[in-house]
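Add chain C to chain R, keeping to what the hints say.
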Amino acid sequence: MFATTVVDSITFSIAAAICLFGALGVVGFRNPVHNALSLVATLFGIAVLFIAQGAYFLAAIQVIVYAGAIVVLFLFVIMLLGVDRAENLVAERKVSGIVLALLLGAGTGAMVYIAYRAGLSTPTGEKSAMAALDPSNDLQVLGRAIFTDYVLAFEITSILLTVAVIGAVVLSRPAGGEPIDYEEFPDPEEDPALLVEDLGAND
Amino acid sequence: MQNSYLMLGAALFAIGSFGLLIRRNPLVMFMCIELMLNAVNITFVAFSKQLDDVAGQAVVFFVLVIAAAEVVVGLGIIVAIMRRRPNVNADDLSLMKG
Numbered sequence: 050m051f052a053t054t055v056v057d058s059i060t061f062s063i064a065a066a067i068c069l070f071g072a073l074g075v076v077g078f079r080n081p082v083h084n085a086l087s088l089v090a091t092l093f094g095i096a097v098l099f100i101a102q103g104a105y106f107l108a109a110i111q112v113i114v115y116a117g118a119i120v121v122l123f124l125f126v127i128m129l130l131g132v133d134r135a136e137n138l139v140a141e142r143k144v145s146g147i148v149l150a151l152l153l154g155a156g157t158g159a160m161v162y163i164a165y166r167a168g169l170s171t172p173t174g175e176k177s178a179m180a181a182l183d184p185s186n187d188l189q190v191l192g193r194a195i196f197t198d199y200v201l202a203f204e205i206t207s208i209l210l211t212v213a214v215i216g217a218v219v220l221s222r223p224a225g226g227e228p229i230d231y232e233e234f235p236d237p238e239e240d241p242a243l244l245v246e247d248l249g250a251n252d
Numbered sequence: 191m192q193n194s195y196l197m198l199g200a201a202l203f204a205i206g207s208f209g210l211l212i213r214r215n216p217l218v219m220f221m222c223i224e225l226m227l228n229a230v231n232i233t234f235v236a237f238s239k240q241l242d243d244v245a246g247q248a249v250v251f252f253v254l255v256i257a258a259a260e261v262v263v264g265l266g267i268i269v270a271i272m273r274r275r276p277n278v279n280a281d282d283l284s285l286m287k288g
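Protein sequences appear in the order of chains R and C.
Take 50 as the starting number for the first sequence in this note's numbering and just add one per residue.
Take 191 as the starting number for the second sequence in this note's numbering and just add one per residue.
Same shape as in the complex, but just chain R (with noise of 0.2 Å):
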C-alpha cells in the first residue's frame, strides 16, 4: 500500500533517533538550557518526521512555533528568572514517583509489545472516502478542512489565544505587586534592555 523504500527507512531512522535522544536529553540534563536545546532537537526531528509523511504545512508551523517560538520563550523564562544551574536529581527522587513511572513505563511498553506482536498493517479505523491525501496541495487541503469542519474549533481557538495573552499580560504584571529580587540578576550589563523593562514597569 505504502512503498517503503530504503530511503524512507533510512530518513526514519536518522529522525527517530534524533527524536529519542532529545526526549532522553529533556528528561536527563540536569542544565534546564541543555533540557531546552534537546527539546529543540527532538522537534526537529519530529518536523523531518512530518515531511517524510507528506505534512509540509505541520513541518513548517511545527519549526516556527515550537522551536521558533516556545522553546525561546522557556530559554528566555529561564534567563530571566536565573535558573539555569544543574537540578540535584538525586536528591529530590521519592520510592512513589519511581514506582509510579516505572509502572506507567511497563504499561506502556507492553501495549507497544502488543501492537508488534499484532502485526496490524491497517489501522483500525476507517478509510477515507476522499482520495489519497497528495502532499503537493497539502495545504489547500488542510485549510478546507479547517475553515469549513472545523471552523466552529477554528473559532474557539482565536478566543483561547486571546484569554491566553490577557492571563498573561494579568499574571506577569501584578498591580502594586512585589519588586523583583534584583539579587538575582548580579549582571545586568548582560542584557540592559531586560533591566530597563523590568524597572519601567515597577517605578
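Watch out, some of these pointers could steer you wrong.
[Unchecked claim] Simulated restraints, written as ranges between beta carbons of each label pair: (1) R/Ser-177 x C/Ala-270: 37 to 47 Å; (2) C/Ile-256 x R/Met-128: 23 to 33 Å; (3) C/Ile-267 x R/Gly-77: 20 to 30 Å; (4) C/Arg-275 x R/Gly-192: 39 to 49 Å; (5) C/Ile-256 x R/His-83: 22 to 32 Å; (6) R/Ile-147 x C/Phe-252: 29 to 39 Å; (7) R/Leu-201 x C/Asp-242: 19 to 29 Å; (8) R/Asn-186 x C/Ala-280: 37 to 47 Å; (9) C/Arg-274 x R/Tyr-165: 42 to 52 Å; (10) C/Asp-242 x R/Ser-145: 40 to 50 Å; (11) R/Thr-54 x C/Val-269: 45 to 55 Å; (12) C/Ala-245 x R/Ile-100: 12 to 22 Å; (13) C/Arg-275 x R/Lys-143: 19 to 29 Å.
[As the list claims (entries may be wrong)] These stretches of chain R come out as covered by chain C in the derived footprint (C-beta under 8 Å, 3 or more residues): (14) 78-92; (15) 100-109; (16) 149-155; (17) 183-194.
Simulated from the structure, these hints should not be mistaken for laboratory data.
All values derive from a computational prediction rather than experimental measurement.
The beta carbon of each residue, even a glycine, is placed where N, CA and C say it ideally should be.
The following block gives chain C in isolation, referenced to the frame of chain R:
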C-alpha cells in the same frame, strides 16, 4: 513502516511522562508535557497518512495552537511564582491545590 511511527510516538510519550514524574523543576516538567504533546502529534499524522484523512492534520494544527497558549499561561504562572520565591520546585508548590 507506519507502525514504526506509532511505536516512536508511544516511546516519546513514555519518556515524556517519565520525565514529568521524576523532574521537580516546573520548567522542565513543562518541557516534558511538550514532549508528550508532540508524541501524540506524530501519532495523529501517521494515522492521517494511513487513513487518507486530513482530520488528523487538522487536529495537530489545533494541538500546536493550544500548546502555544498553554505555554504562555504556564510560563506566566511560573514567572509570577518564581519572582517571589526563587529556586522553588514542584514539591514546594503543592499548597496551590488549596
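Hints broken by the structure, by number, lowest first?
none
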